[in-house]
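First to last, the protein sequences are chains A and B.
Converting from the first sequence to the working numbering requires adding 2 to each position, the first position being numbered 1.
Converting from the second sequence to the working numbering requires adding 17 to each position, the first position being numbered 1.
Quick caveat, the hints were computed from the structure, so don't treat them as lab data.
No false leads were mixed into what you were given.
Residues on chain A that point at chain B, a partial pick, calculated with CB under 10 Å:
no., residue
1, Ala103
2, Val107
3, Tyr111
4, Lys115
Beta carbons: idealized from backbone N, C-alpha and C, even for Gly.
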Amino acid sequence: MIATYAPMFLMLAVAALVAGAFFVGATFLGGKLKVTPEKMKPFECGSESSGGNHLKLSVKFYLTAILFVVFDIEAVFIYPWAVQFKSLGWTGLLSMFGFIAVLVVGLVYCWKKGALEWES
Amino acid sequence: MGLMFALSPLLTLALGACLLMLAESFGKRRGGLALGTAMVFFAGCAMSAGVWLRGLEGLEGLDSLAPWLILDRFTLFFEGLLCLGGALAALLAGGYLPEHNLDRGEFYSLLLFTTIGGMMLAASGDLLTLFVGLETMSIGAYAMSAFRRASPRSAEGALKYFLLGSFAAAILLYGFALLYGATGHTDLVGIGQAVRAGTKTPMVLVALALVVAGLAFKVSAVPFHMWTPDAYEGAPTPATTYMAVAVKAGAFAMMLRVLLTCFGDRATASWSSGWPPALALVAVLTMTVANLVAGRQESVKRMLAYSSIAHAGYILVGVVATMRAPQASASVLFYLLTYTVSTAGAFGSLILCGRRGAEAVSYEDLAGIGRRHPAAALPFALFLVSLAGIPPTAGFFGKWYIFRAAMDGGFYWLTIIAFVNSVIGAYYYLRVLVFMYMREPAAGAPVATPMKSGYVTAALILSAILVLALGLTPGGSLDVVEQAAGAFKVS
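Using the sequences and the hints, build the whole thing.
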């Protein structure tokens, strides 16, 4: 039982040994950290940072992403139905109509509420 | 067709919710939404009553839903009860939301969808449908408690509710996973049979502990009650009403189903080594802590929040008694009915006593209202008397049946503690009456003027009639709850 897991533990031990060796080696061989004002600044693509750090910005993609996830997950339910279409018969077809009708109600609601408008 | 008929309460609400959502997004005026929502709820009530009267015997296709949804009289009772709670909350919202500039139509759709979740919870016979129903119910409730978007208190309460609710759902789910691992079943009946057949393994016990903790959170029992006062106080009052009434009823339906179907056998339900002693301890803690803390509140809304925790404690006494007294689960259902109408009425009266910019919150806000506005104070007094459990109101018989069931089961000390607690509880309910009728407002402060709203008045009249009817003639409703509870027998 334990013997079957032995290679795994060996692998773990070797990994820990190698990683530890790197850390210890880097401490002895590498240069010392010199703190300068430039180094302690927040990094912003290499250019000088400007402005305050508490900005308000409209996260438009958030709503779109949420809507995408909602409809995408719901659309996933259609795949298994499509695969089993024949065997599910009329009951399956009618149920799927009902399901899609509910989806459409949700879509119409989002649309009318302006959730799909990017420019507003 | 028989299946459609049996499912008609759920389908009515689902259809109504979709139609109202469309009406809300297309229509410009929001005036009729509350009325429409209340109508859908009443239709749901009527449908469940219709199915109840017809009976579920001989309806074809019911088995095709097994074990996912169980359609029995227990389910029908809770469908009717949740619709009643939802209708009262919708009527209250119709008055409250426009008065306090919160009139956004989503509230009504949320109410309906949340109720569908609660109904599913009551009907579910499988851990998966149970969890889906629970989340449908909870997510709507989180959104409703955050409905006062401009208020930091509302946001705070809703965030606490959401985070703790998610943790509780995760704990419950962990329990479900262990239960599945231990028994190999996800349907409640199958789990019950496996638990009965097998010896009690440690895994089942750990699962039981996790499930009980998750359930206790959902019914806001001490020590899992921390979110309740903040969430109830921050939420708009109709949402508070709904959470206190319908969400709690749904949670108790789930508790009865899970505990009695899966763990209703002698091995796991015995007094020496099962859930009843743990739940009894929780019940004692819930009643005592909630009643002591409620007496110290300065906000009436917060006091009512603690009072709802205390009532959960009384109901838990009934749940504990189910293992020894056969009529205990019926008494739990009857208590939920009386608690629903009394609590909805009390919150509704609190809504009635305030108006735009001057919501009645503290005891001081209610000072002197009894003499100046007797029409607003009188129903409030009635509902508080009912919550305190004083005859001839519904609350008295609710407590009477719970206590009697506990006595029949031989839980004398539990009954005594519950009785002492209901006496303590009377103190803070009657304190509201003292402020309304015997105090004058502080110098310079005006007496609160009640708002005028046909919706709120209708909700109060309906709950007042039910409080008095259940208090004066409980016989008919007792038959109903006994039939509804007939689904459960502790073996």
